[in-house]
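*Asks:* Heads up, the sequence shown is in this note's numbering, so the first residue is 163 and it goes up one at a time.
Hints listed in this document are in silico derivations from the structure and should not be mistaken for laboratory results. Among these hints, one or two may not hold up.
[What the hints assert, rightly or not] So the derived label-pair ranges between C-beta atoms look like this:
no., residue 1, residue 2, range
1, Glu383, Leu449, 29 to 35 Å
2, Leu569, Arg385, 52 to 58 Å
3, Leu526, Ala699, 51 to 57 Å
4, Arg696, Ala302, 44 to 50 Å
5, Leu460, Ala302, 43 to 49 Å
6, Tyr743, Ala475, 20 to 26 Å
Note that CB positions come from ideal geometry on N, CA and C, so glycine has one too.
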Amino acid sequence: MAAVVSLAVQLPIARLGLSEPTELPEVAATATAALLLAALFGAVVLSGCRAPAWDGLRRKALRLRLPAAWVALSALATTVLAWPLEPTKLFYGGTSVDQAFRLQYLTRLTDSPVLSDMNYAGLPPYYPAGWFWLGGRFAALTGNPAWAAYKPFALLTIAVTAVAAFTLWSVVMRRRVAVLLAIATTLSGFLHGFDEPYAWPSAALLPPVAVAAWRVLRCREHRHRAALAGIGLFLGFTALTYTLYLAFSTVLLIAMAAVLVVRRANRPGPLLLRLLGIGAVAGLVALLVWTPFVLAKLGGAESAGAANNYLPAESVPPFPFLQPTLFGALCLAGLCWLVLSCRRNAVAAALLVVTGVVYLWFGLSTLAIAAHTTLLAFRVTTAFNVLLAVAGVLGLLELFRWARSRLPERFRAQAVALAVLLGLAGSVSTVETALATEVHSAAQPAYTDYYPTGSNAQRQADPAADGSWHDELLGALLETTDRAPSETVLLSTYHPIKSFAPFRGFQQETPHYANPLARYEERASEIRDWASARDSAELTAKLRGSGFTPPDAFVLRRAPDGLHLTLAHDAFPHQPNVQVYDVRFDPALFDSPGFARRDTGPFAVIATR
Numbered sequence: 163m164a165a166v167v168s169l170a171v172q173l174p175i176a177r178l179g180l181s182e183p184t185e186l187p188e189v190a191a192t193a194t195a196a197l198l199l200a201a202l203f204g205a206v207v208l209s210g211c212r213a214p215a216w217d218g219l220r221r222k223a224l225r226l227r228l229p230a231a232w233v234a235l236s237a238l239a240t241t242v243l244a245w246p247l248e249p250t251k252l253f254y255g256g257t258s259v260d261q262a263f264r265l266q267y268l269t270r271l272t273d274s275p276v277l278s279d280m281n282y283a284g285l286p287p288y289y290p291a292g293w294f295w296l297g298g299r300f301a302a303l304t305g306n307p308a309w310a311a312y313k314p315f316a317l318l319t320i321a322v323t324a325v326a327a328f329t330l331w332s333v334v335m336r337r338r339v340a341v342l343l344a345i346a347t348t349l350s351g352f353l354h355g356f357d358e359p360y361a362w363p364s365a366a367l368l369p370p371v372a373v374a375a376w377r378v379l380r381c382r383e384h385r386h387r388a389a390l391a392g393i394g395l396f397l398g399f400t401a402l403t404y405t406l407y408l409a410f411s412t413v414l415l416i417a418m419a420a421v422l423v424v425r426r427a428n429r430p431g432p433l434l435l436r437l438l439g440i441g442a443v444a445g446l447v448a449l450l451v452w453t454p455f456v457l458a459k460l461g462g463a464e465s466a467g468a469a470n471n472y473l474p475a476e477s478v479p480p481f482p483f484l485q486p487t488l489f490g491a492l493c494l495a496g497l498c499w500l501v502l503s504c505r506r507n508a509v510a511a512a513l514l515v516v517t518g519v520v521y522l523w524f525g526l527s528t529l530a531i532a533a534h535t536t537l538l539a540f541r542v543t544t545a546f547n548v549l550l551a552v553a554g555v556l557g558l559l560e561l562f563r564w565a566r567s568r569l570p571e572r573f574r575a576q577a578v579a580l581a582v583l584l585g586l587a588g589s590v591s592t593v594e595t596a597l598a599t600e601v602h603s604a605a606q607p608a609y610t611d612y613y614p615t616g617s618n619a620q621r622q623a624d625p626a627a628d629g630s631w632h633d634e635l636l637g638a639l640l641e642t643t644d645r646a647p648s649e650t651v652l653l654s655t656y657h658p659i660k661s662f663a664p665f666r667g668f669q670q671e672t673p674h675y676a677n678p679l680a681r682y683e684e685r686a687s688e689i690r691d692w693a694s695a696r697d698s699a700e701l702t703a704k705l706r707g708s709g710f711t712p713p714d715a716f717v718l719r720r721a722p723d724g725l726h727l728t729l730a731h732d733a734f735p736h737q738p739n740v741q742v743y744d745v746r747f748d749p750a751l752f753d754s755p756g757f758a759r760r761d762t763g764p765f766a767v768i769a770t771r
């Protein structure tokens with residue numbers, strides 16, 4: 163239902179055809195969010211009302227609250243993020259920086275459902291393929307190219323996650339409270355998390371799963387086998403979509419077991435058996451996408467990756483509860499509730515353990531720098547923000563119940579009305595803040611980056627930009643190579659071409675997104691060796707004698723002093739974490755019948771024969 167509602171909301175918004183400049187998307191997103199939030203808050207109040215006069219409405223609310231909550235939460239998550247993207251077919255981030263790799267991966271798995279590395283021919287995937295594989299099937303089903311299917315599938319994912327959060331919280335909390343926690347989760351996603359739709363489900367669903375895991379591990383009786391399997395399924399899901407959360411969740415479960423042993427709440431033996439059961443289920447699920455890579459490693463394949471070699475400013479421990487914002491105040495309320503309630507409330511105890519593991523993860527990540535790597539600790543901040551937001555809601559609910567119980571009976575209805583108005587106003591204000599800051603910033607590349615069809619601001623403002631040569635470049639590659647893109651290996655200085663067509667790459671743009679089995683530095687050394695060839699015959703011999711599948715075509719940038727290719731080297735722990743350098747090819751190296759050259763725009767397309 164969430165998926166259908168999300169698509170039903172997206173379709174009319176995408177067909178409006180508004181022209182810039184206009185503030186209508188932001189105004190419409192805020193207004194619609196306010197209506198949906200009012201409906202959700204109203205349903206929560208009605209379902210908890212015990213006044214005889216309201217019995218009829220309360221019974222209707224109870225009958226409708228599940229489908230109504232699914233519809234409202236899905237529509238809320240979709241409409242706030244879909245409206246600002248109305249002028250473009252791209253998702254937040256456009257085709258720039260990290261988004262280029264995501265589009266490349268989706269393009270690869272749209273072209274073929276067979277698991278394969280996003281870039282290199284003949285290698286199994288290293289980055290989890292689960293979300294991208296499903297996105298590829300969505301693109302194939304809808305008949306859209308991958309780059310155009312990314313936006314609706316990402317929005318659909320975020321909408322389904324909102325409903326999944328409500329469903330999981332309903333397992334451990336009352337449903338009317340679960341609605342509020344799902345709202346808090348979604349609002350947190352508007353501020354932190356929507357830019358990585360494949361990682362957002364793992365981050366958003368971690369808190370309710372952690373609460374369920376705490377209850378299951380704490381129970382002394384041999385029950386809850388289905389719950390253990392469910393927790394294992396969640397860990398397996400993280401392995402399919404975002405491996406970092408698999409590692410974090412594993413450490414979290416071990417930490418929970420250790421805390422319970424220290425507190426003598428359970429014995430080590432039963433805890434170990436339960437952890438092994440969870441791990442077995444998670445491992446079986448993970449093999450759905452990790453089997454090819456594991457088999458390659460077991461077969462003796464060399465690997466050396468730089469995926470974790472990244473140390474941005476956000477690598478310091480996060481303190482969202484110190485931010486002078488409404489969301490920061492909610493996080494502060496959540497932290498206070500966790501500390502004050504952990505001894506008498508199982509939910510608070512579980513979430514406090516997660517909080518401790520978050521800071522432990524940052525500490526371990528800092529220590530890992532000595533081993534020339536990190537644990538990418540800043541990535542778990544998204545889940546931490548969700549945790550503190552839902553804890554803040556639970557804390558404020560407890561404070562409200564305490565205060566209401568001390569009010570005279572005649573003032574209690576007014577207290578409820580005031581609480582609802584404040585909650586609604588705070589939620590709408592958070593939506594406005596997200597639209598004005600994070601959403602607005604992430605939308606700018608989507609407005610200006612090039613995409614192959616239609617028109618957008620970038621093409622109108624700068625017709626000579628590299629992106630405007632995309633169609634000509636694609637045509638030149640198809641003509642000179644005379645083969646399908648999926649069968650063509652490129653050595654290219656213009657990597658966006660692989661985001662729009664399923665070309666293979668001889669080299670990935672940066673070592674951090676390169677498959678560890680690809681031997682990135684050896685490939686870079688071989689490229690430099692090709693550029694040092696004395697003549698065309700020597701270059702041809704080196705290409706034929708390569709230990710890797712040689713490129714079928716070169717896409718090099720033309721300059722007065724020759725043809726240029728841009729490569730990157732891991733510069734960890736410096737920031738930026740890559741050192742970009744230039745490799746120059748003498749044009750005379752390609753002056754032979756063994757190569758076919760065609761110039762288009764700023765590029766030289768050279769195919770091997």
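*Asks:* All the hints need checking, so say for each whether the structure fits it.
*Replies:* The hints, checked one at a time:
In this structure the hint that Glu383 and Leu449 lie 29 to 35 Å apart at CB holds, the actual value being about 31 Å. Separation of Leu569 from Arg385 is about 41 Å and departs from the stated range, judged on CB atoms against 52 to 58 Å. About 54 Å separates the C-beta atoms of Leu526 and Ala699, a value consistent with the hinted range of 51 to 57 Å. Remark: the range hint 44 to 50 Å for Arg696 to Ala302 is upheld by a beta-carbon distance near 47 Å.
With their beta carbons about 32 Å apart, Leu460 and Ala302 fall outside the hinted range of 43 to 49 Å. Taken as a hint, the range 20 to 26 Å holds for the pair Tyr743 and Ala475, whose Cβ atoms sit roughly 25 Å apart.
Hints 2, 5 from the earlier list are contradicted by this structure; the remaining hints agree with it.
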